[in-house]
Amino acid sequence: MIRGFVHRVLLAGLVLAGVLVASMMQQARAQQVVADLSRHLVAITTGFIGTEVLLFGATDGDGDVVVIVRGPDRREVVRRKDRIAGIWVNAGEVSFTSAPAFYAVATSRPVAEIVPQRLLGRHRIGTDNLDLRTGETLDAKTLADYRAGFIRNKVRKGLYLEKPGGVTFLGNRLFRTNLYFPANVPTGTYTVEVLQVRQGRVVSAQTTPLLISKIGLGAEVYRFAHRYSAFYGIIAILIALAAGWAAGAVFRKA
Amino acid sequence: MQIYLPIAEISLNVFLLLGMGGAVGFLSGLFGVGGGFLMTPLLIFTGVPPAVAVATEANQVVAASVSGVLAHWRRGNVDFKMGAVLLVGGVGGSAFGVWLYSLLRGLGQLDLVIALSYVIFLGIIGSLMLIESGRAILRKRNPGSSARKLHQHTWLHGLPFKMRFRKSKLYISALLPLLIGFLVGILSAIMGVGGGFMLVPAMIYLLGMPTIMVVGTSLFQIIFVTATVTFLQATHNQTVDVMLALILLTGSVIGAQFGSRFAGRLPGEQLRGLLALMVLAVALKIVFDLVTQPADLFSLGSAGGG
Chain A
1 MIRGFVHRVL LAGLVLAGVL VASMMQQARA QQVVADLSRH LVAITTGFIG
51 TEVLLFGATD GDGDVVVIVR GPDRREVVRR KDRIAGIWVN AGEVSFTSAP
101 AFYAVATSRP VAEIVPQRLL GRHRIGTDNL DLRTGETLDA KTLADYRAGF
151 IRNKVRKGLY LEKPGGVTFL GNRLFRTNLY FPANVPTGTY TVEVLQVRQG
201 RVVSAQTTPL LISKIGLGAE VYRFAHRYSA FYGIIAILIA LAAGWAAGAV
251 FRKA
Chain B
1 MQIYLPIAEI SLNVFLLLGM GGAVGFLSGL FGVGGGFLMT PLLIFTGVPP
51 AVAVATEANQ VVAASVSGVL AHWRRGNVDF KMGAVLLVGG VGGSAFGVWL
101 YSLLRGLGQL DLVIALSYVI FLGIIGSLML IESGRAILRK RNPGSSARKL
151 HQHTWLHGLP FKMRFRKSKL YISALLPLLI GFLVGILSAI MGVGGGFMLV
201 PAMIYLLGMP TIMVVGTSLF QIIFVTATVT FLQATHNQTV DVMLALILLT
251 GSVIGAQFGS RFAGRLPGEQ LRGLLALMVL AVALKIVFDL VTQPADLFSL
301 GSAGGG
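Those protein sequences? They're chains A and B, same order as listed.
Sequential numbering from 1 applies to the first sequence in this note's numbering.
Sequential numbering from 1 applies to the second sequence in this note's numbering.
Next up, chain B with everything else stripped away, as it sits in the complex (with noise of 0.2 Å):
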């Protein structure tokens, strides 16, 4: 059945989408990940463009961290405060970031731009997700090797505007949890998606969070900050496809509730390699797409009166 996405302005069959969006729910379900990082590249693959793509998944994020804040919240792991100030951060990143993207789109670079920052970070993920996950396999092989020390002092520790932290039990300086929030939100903007990928190692290892804290709160800044981000793409460029992201968000909601049932039962570090994997793989066929000659060097650009 073919379904006619109004902003994206093409038709695409209702049960493929639905498709995408239960296996990525199911995945982030079973790893506790946001999947936008996966979504956005699937739906430009299928032919949805990256403009659109990037600031639906966007709207489709926001809907799913409220899900996953809700249970963090009842059990009392979501620190407001320093959602509060990574919000800020997060709210002046993604609109810098919009900004940014208006302009790139202008300038035609946007989708390169989209395809390069994904072949970046991608990389990087996929690259220590897999190495994390071997060391976890080996780890279980021959026990004994000691867990990493979380809290160390740097010179991040000496930045002025010092704020306590009563939840996470922090003092440090404000300016460090604004400038995650800030870059993280540009990320947001840039290649829709939540950023929880980016910001729950950022909170462990440099503010150094306590880890039950830090899924919660990021889960809370990513709500505000993908709901910026939807609000301002929505305003400057028209780009969010309701009707796209309601067709994502049904699908993923399912696939999320069987991905957290299977979580417990399956071997978890070679899955978590698998999915490094598979993340991998994603990021390797951006890059085939970006250094093999097009088909046709010439493409169409935005038209600019309709």
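Looking at chain A on its own, in the form it has when it is part of the complex (with noise of 0.2 Å):
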């Protein structure tokens, strides 16, 4: 009886595997290109001085591939610094409800030469098309500027870049790339996209998950900086009274 119930189980268990191994065959075929990384976590320890992911994947012959990457969006704040009175104060600022805190583009040639226009909007290849959002009115001339004065300051401390030619074939299929992360990466989770573009069209992508964290003694302090924020300052004042009160010690023997 009972061993009835366990063939029985063991038979549809089979079914449902085979099914859905062909239905993966299906989605295989119709997926033209995948792509993975070779972690899917970075880890931001003590000595995290920045980090390199390697990105490697297949298409199905032509096309080109272009990789984003976007960190996790979170409002941003801009200032603009004006002279007073002779020195150079903060005179106004814009916040952008709604930015990626990293963001990096890499294509195996360049953008223009692969994507046409309407698609690198359509798809935000290129900090030009990033989808920036704030709530405040102001003239078009005036949003530009700060827009402009934004990707700056990310692309000078590295969090936006963007690399053409930055992947690489190796043969016809076979294609990969190098995705760098600085030593100010910020945490979350972020998103591959691979898109395989052929003939100014996009005929086929996959998004992977990374998750960046901090991890260790800095992660620890960092979280319980923040959550139990009274304890934090305690311990703080308690460790400095000890090294204080053991550097007196050593003086007085000294």
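The set of hints was computed from the structure by calculation and includes no laboratory data.
Treat the hints with care, as some may be off.
Unchecked claim - With a straight-line cut-off of 30 Å between C-alpha atoms, the simulated DSS-like cross-links for lysine-lysine are: (1) Lys169(B) with Lys81(B); (2) Lys285(B) with Lys81(A); (3) Lys141(A) with Lys157(A); (4) Lys81(A) with Lys141(A); (5) Lys157(A) with Lys214(A); (6) Lys157(A) with Lys285(B).
Unchecked claim - If the Cβ cut is set under 10 Å, some of the chain B residues that face chain A in the computed set are: (7) Gln60; (8) Leu112; (9) Ser252; (10) Leu280; (11) Ala281; (12) Leu284.
Using N, Cα and C, we set each Cβ at its ideal position, and we do this for glycine too.
Hints are included, so try docking the two chains, each in its own frame, into the full complex.
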């Protein structure tokens, strides 16, 4: 009786597995670009000085590849300095309600050669086509200035970057690129989008997540400082008191 | 060797930080100054966000003051009653200072106010020290000029709420030390300093305290005020970097030991003049950064969501 039941369950399982495999194969046929990362977790530890993650994959032959890495969206403030009474002072600010904390594009050839203008906007390819929204009403010129200033600052910090030719093909189908994350990389869930472009059209796409998080002592300190800030403050004082007392004791002996 | 500072959120070289701590510690041992007013600008020059530099330095000053006060306490040179009155004012002032700090940070003007405060105070202190050391050098060359009278009677002594400070042999209004404590508390919160450079002259010239009591008592009050600042900065702004404070502390403790050993052997006045020039140089560098057009007029504010 029990054996019969087990048999039936096994059979059902096998059928289900068969259907799954079949559907996955169908998907694989439709999926002309496949890619993966050398790791899906970047750990910011105490010795973190930035890191590279390898993205590798294959296409079904023709076309170019565009890789877009986006960090978590968040509110960003950009300020503009003006000269007031001889010194340079922050005189105006615009906040973008939602901007990617990190953004990188790598392509197998210069973007202009492979993707038509209208697709750049739709797929947010390149810093010029980012969807930076602001709740404030500003004239176009001012907004453009702030937008350019914002992107310039992000590029300088290594948080926004464009690498035409950053994706290299090995032979006809295999491709790879190194994604670089600097020491000041913001934490959160990133998406890595790989587009296959053929004759000015996106024929296939794949999205892979990448997690960047603080790990180890530094992460604990940061979390503790934000969650239990009163305790953190007291501990900071106690450490200082103890260190000062110890130093005093050493002085006395010396 | 790079180390990732969890609150400042940047990687810096450990040996650079230790070296900075050591150099400033050496100077503070040599001259008996707190060193906060040199360390905070140095941290900002190396790329630590000013908000973090100020809050962390307050934490480091706690340690420096504890080791200093112990020596004075053993010699009985701490007026605890005066310290307590200054302290009440100081805690009030630092609470107001931290509130002001949060407000300015939200407005995007914190960095500017920190820079301007440093220009003003470093400028004043540097000039005064330079004049003082110049006078001292001259006095040595032609002795005979009289010392200044310390205790003068002014309108300040007519204020109400008189209190007796037995240890300092004073009978003065409690309002005066309260006010001085309050003002120095604000400086401590905004500039990340102990405020000894303001407190010591104020105690000598305004309160008329005996010089021997001044240093120990000011250190005693600075411990509690900087501890208050540390606590308030940690709870309001989360800008105290314990890791950074520990590294700086290690360097400064060792530096201070060497500094105090050298103190007796080196020509004091000339060195004091040198320190004055250094202080003025730091002030000038900050002024230079304020008046030259920045390479990029736009800058990123503190991220709201992060």
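Results of checking the hints against the structure:
This hinted pair checks out: Lys169(B) and Lys81(B) have alpha carbons roughly 12 Å apart, not beyond 30 Å. At most 30 Å may separate the alpha-carbon atoms for a hinted pair to count; Lys285(B) and Lys81(A) meet this at roughly 19 Å. Using a Cα cut-off of 30 Å, the hinted pair Lys141(A) and Lys157(A) holds, with the two alpha carbons roughly 25 Å apart. Our distance criterion of 30 Å between C-alpha atoms is met by Lys81(A) and Lys141(A), whose separation comes to about 17 Å.
This hinted pair checks out: Lys157(A) and Lys214(A) have alpha carbons roughly 19 Å apart, not beyond 30 Å. Between Lys157(A) and Lys285(B) the alpha-carbon distance is near 24 Å, which keeps this suggested pair within the 30 Å criterion. Hint on Gln60(B) holds. Least Cβ distance to chain A is approximately 7 Å, under the 10 Å limit. A hinted interface residue such as Leu112(B) counts as satisfied when its beta carbon comes closer than 10 Å to some beta carbon of chain A; here the least separation is about 6 Å, so the hint holds.
A cut of 10 Å between beta carbons decides the hint on Ser252(B): the least distance to chain A is about 9 Å, and the hint holds. With a least beta-carbon distance of about 18 Å to chain A, the hint placing Leu280(B) at the interface is violated under the 10 Å criterion. The beta carbon of Ala281(B) comes no nearer than 19 Å to any beta carbon in chain A, farther than 10 Å, and the hint placing it at the interface is violated. Because the closest C-beta pair between Leu284(B) and chain A is about 14 Å apart, greater than 10 Å, the hint is violated.
Of the hints listed earlier, those the structure fails to meet are numbers 10, 11 and 12, in rising order.
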